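Based on these hints, arrange chain B on the given structure of chain A.
Number of protein chains: 2
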Amino acid sequence: MENVWENCLSAVAKNTRPSPVREILKVITQEGMISFAGGMPAPEVFPVEEFYEGASVLRDKGRTVLQYGITEGDPDLRNFLASWSAKRMGRTAAADEIILTTGSQQAIDLIAWSLIDPGDVIITEDPTYLAALSAFSNHGATFESVPMDSDGMITDELPALINKIRSSGRKPKLIYTVVNFQNPSGVCLSVERRKRLAEISSDMGVPVFEDDPYGYLRYDGEHLPSVYSFDPEGAVIYAGSFSKILSPATRIGWIIGNKRIIRQLTVFKQSTDICSSPITHSLAYEYCRKGYLDSHLPKILKNYAVKRDAMQKSFETHLYPLGVKWVKPAGGFFFWLDFGKNADTRKLAVKALEKKVAFIPAEPFCVNTENAGRYGRFNFSYSDPETIEKGAVRLAETIKDTGGY
Amino acid sequence: MENVWENCLSAVAKNTRPSPVREILKVITQEGMISFAGGMPAPEVFPVEEFYEGASVLRDKGRTVLQYGITEGDPDLRNFLASWSAKRMGRTAAADEIILTTGSQQAIDLIAWSLIDPGDVIITEDPTYLAALSAFSNHGATFESVPMDSDGMITDELPALINKIRSSGRKPKLIYTVVNFQNPSGVCLSVERRKRLAEISSDMGVPVFEDDPYGYLRYDGEHLPSVYSFDPEGAVIYAGSFSKILSPATRIGWIIGNKRIIRQLTVFKQSTDICSSPITHSLAYEYCRKGYLDSHLPKILKNYAVKRDAMQKSFETHLYPLGVKWVKPAGGFFFWLDFGKNADTRKLAVKALEKKVAFIPAEPFCVNTENAGRYGRFNFSYSDPETIEKGAVRLAETIKDTGGY
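From first to last, the protein sequence lines are chains A and B.
Heads up: the first sequence begins at 1 in the working numbering, then just goes up one per residue.
Heads up: the second sequence begins at 406 in the working numbering, then just goes up one per residue.
Just chain A, with the same shape it has in the complex (with noise of 0.2 Å):
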């Protein structure tokens, strides 16, 4: 007798549906499968020796480790992060300026959580991050987007398009945007429009919301300044997170901004899950204090930049030619192919899965979803070589049965 839970869902209950992403996943365990589909961290880049070093600190700190932690996070990691991450802020974030999150997509949730009314805008860049489409909805956020090129968002498009906002009656309430081999794309916002951003934010009164996942994951080229570093009225928020520099299973993002934002989020986090595990803290402190973050990046990005230099490679050879596009990304996860203008990417990954390989058709990323068909999301840190190689294959084998759709 299901009907007792039916018969009470909220409206955003009824509303959720499984997403196109969850059905290719669940076939993606399939004999033999070759997964372009999913976001993961490659397991044999995990620091295991590394991070199981300071396990003893669950012995040695034992009675304050298995303890509450307060809500803001463990001070030492905090500390840790504000000054580690200070380069590429621009200054050292004090006490206030900086929370630890359930993953950075708790961030997702609380900054929700402190700004959306239903009906207020997001304004994001189109493609953007999936779940962060289905986390700002949850609260009733309305979306517009910015179209994007080789360099990120358009920002000149933002003034315009916030006034378009506000002359509707509408709240643009923030501007979402991942700077660094964004996901779905890959790509990277330049210098000037991270300058300009910035300014618009100010200017206009939209915080921006820096989410910064994969901004570590350089592989070719300099990396550059935040956002953040850009902002002179603190308007800006930025977010970090540990999950592809160390491990997801730490499940710890932070959050540096104004103070006044910090502790709104600080009083959601309460409600939401009371505090982040200390153990967790913790074990990442001790890895952090060790200098390890810096010393086993290294490691990882060779790793990864063999994986995308074969993927680039394989999709040369047997992708270009049938007249597919991409600018290869300078680092992160992702490869975002267009198949032209006539192409049906959902129908193409439902073929390709007949052929053994998985992908993510743009659809689920998009706000404006006009041109989705053309695109689609394929992750090189998962897969080996030779792996990409034979997916390549796969793929121009299905786009010649299909004509690409």
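Don't take every hint at face value.
Under 10 Å between C-beta atoms, here's a sample of chain B residues computed to sit facing chain A [as the list claims (entries may be wrong)]:
no.: 1; residue: Ser415
no.: 2; residue: Phe451
no.: 3; residue: Thr507
no.: 4; residue: Gln511
no.: 5; residue: Pro523
no.: 6; residue: Ser573
no.: 7; residue: Lys576
no.: 8; residue: Ser607
no.: 9; residue: Val611
no.: 10; residue: Ser648
no.: 11; residue: Ala654
Here chain A is said to cover these stretches of chain B; the calculated rule only asks that three of the stretch's residues, wherever they fall, bring their Cβ under 8 Å from a Cβ of chain A [claimed, not checked]:
no.: 12; region: 681-694
no.: 13; region: 721-734
From chain B, some residues computed to sit far from chain A (all C-beta separations above 12 Å) [to be verified]:
no.: 14; residue: Gly467
no.: 15; residue: Asp522
no.: 16; residue: Lys761
If you're looking for bench data, these hints aren't it; they were derived computationally from the structure.
This structure is a prediction, so every number in the text was calculated from the model and none was measured.
Where a beta carbon is used, it is the ideal one built from N, C-alpha and C, also for glycine.
Same frame as chain A, but now just chain B:
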């Protein structure tokens, strides 16, 4: 310049304000303060050695343990908990009837996501768990309450209340109850009332959330069957927690219930924090599979029973002669004191702080605050017997000085 954020806050953010509890918690770290205000486990009962024993899993299964986990939580730990709690639940939960949450606080948030539209009604005991009121309230819930006596919620009042809510055009979406050693009142729901609650829930189509963080902390008498075990229709969900029987730092709670609602909670967990930590799940599972959950529990019970008895004795000696009344709790963490109909415990709590003893006045726990001035919550898990005695003396002095207000 904090206006960018101030101007963009959501309505719910604008309504949050520091609770009286937080104000008290701020001063309890003062030199010489005796605190009965908190609700934390005693650090000396943490099974530090036994928990640390399992740390080798971080090395031996590092590549799995450091990866993302599934949203529902570690399958081994879920299986263990489904079996381990079967005695209390009436049967072993199936794999799709249990989800692990980031502490049981997240269980409350996920339930709220699943059920609450703004204005919907949650029915609680009065008084009830403070942080449940905050979490439900953030989701736009309104509250109706049922009074309690020494057998817990007076369930016979439920049908009329549910009908009254419905006649007024509002929707009663959930009955929220802490059935064992309730926070704050310390009482247990009687077996007869558990049966009646399950019947009413099923007959009237209002689900029950049986929140049970203290259930295993029984110092006298026999354990009572869960409300869930009397539930013929799947309308009751049960939430347990490791916070008081292992460690709050694991941030592990579990919910057992009908698979339809478990699936819905999973969907919302995806967008709030993706998954909980496979690190803490694996460490907790290592602890559990070796039998430590059962073998260590008597040590915890012994420690707390001594403190409970000390508080009973000290309060009998110093407070009872002043007209203060209470029911001796058979388990859990709290005494709930009745200072009489002319008392004002908010003022008394402030005066007590001047005497260096802290407790929490009833008001923030109450839906109906009419009689809240009579009551206060006193924690015994965190202080040793000598400290409890000293605190009781200071309380008695405060009452004498103020006339109890």
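Outcome of the hint check:
A least Cβ separation of about 5 Å between Ser415(B) and chain A falls short of the 10 Å threshold, and the interface hint therefore holds. Using the Cβ-Cβ criterion of 10 Å, the hint placing Phe451(B) at the interface with chain A is satisfied: the shortest such distance is roughly 4 Å. Given the 10 Å rule on beta carbons, the hint for Thr507(B) holds: about 4 Å separates it from the nearest Cβ of chain A. A cut of 10 Å between beta carbons decides the hint on Gln511(B): the least distance to chain A is about 5 Å, and the hint holds.
The interface hint given for Pro523(B) holds, since its Cβ lies 9 Å from the closest Cβ of chain A, which is under the 10 Å cut-off. For Ser573(B), the interface hint is violated, the least distance from its beta-carbon to any beta-carbon of chain A being 17 Å, above 10 Å. Of the supplied interface hints, the one on Lys576(B) holds, with its beta-carbon coming within about 8 Å of a beta-carbon of chain A, less than 10 Å. Given the 10 Å rule on beta carbons, the hint for Ser607(B) holds: about 7 Å separates it from the nearest Cβ of chain A.
Annotation: Val611(B) was flagged as interfacial toward chain A, and the flag holds, the nearest CB pair being 8 Å apart, inside 10 Å. Interface hint at Ser648(B): satisfied, since its Cβ lies 8 Å from the closest Cβ of chain A, which is below the 10 Å cut-off. Against a cut-off of 10 Å between C-beta atoms, the interface hint on Ala654(B) holds, since the closest Cβ of chain A lies about 4 Å away. Note: the region 681-694 of chain B has 6 residues with beta-carbon separation from chain A under 8 Å; the three-residue rule is met and the coverage holds.
Counting residues of the region 721-734 of chain B whose CB lies closer than 8 Å to any CB of chain A gives 0, so the stated coverage by that chain is violated, three being the minimum. Gly467(B), annotated as away from the interface, has a beta carbon of chain A within 12 Å; the closest lies near 3 Å. Not every CB of chain A lies more than 12 Å from the CB of Asp522(B), the least distance being 5 Å, so the non-interface label is violated. Against the 12 Å criterion, Lys761(B) stays outside the reach of chain A, whose nearest CB is about 23 Å from its own CB.
In this structure, the hints that do not hold are numbers 6, 13, 14 and 15, in rising order.
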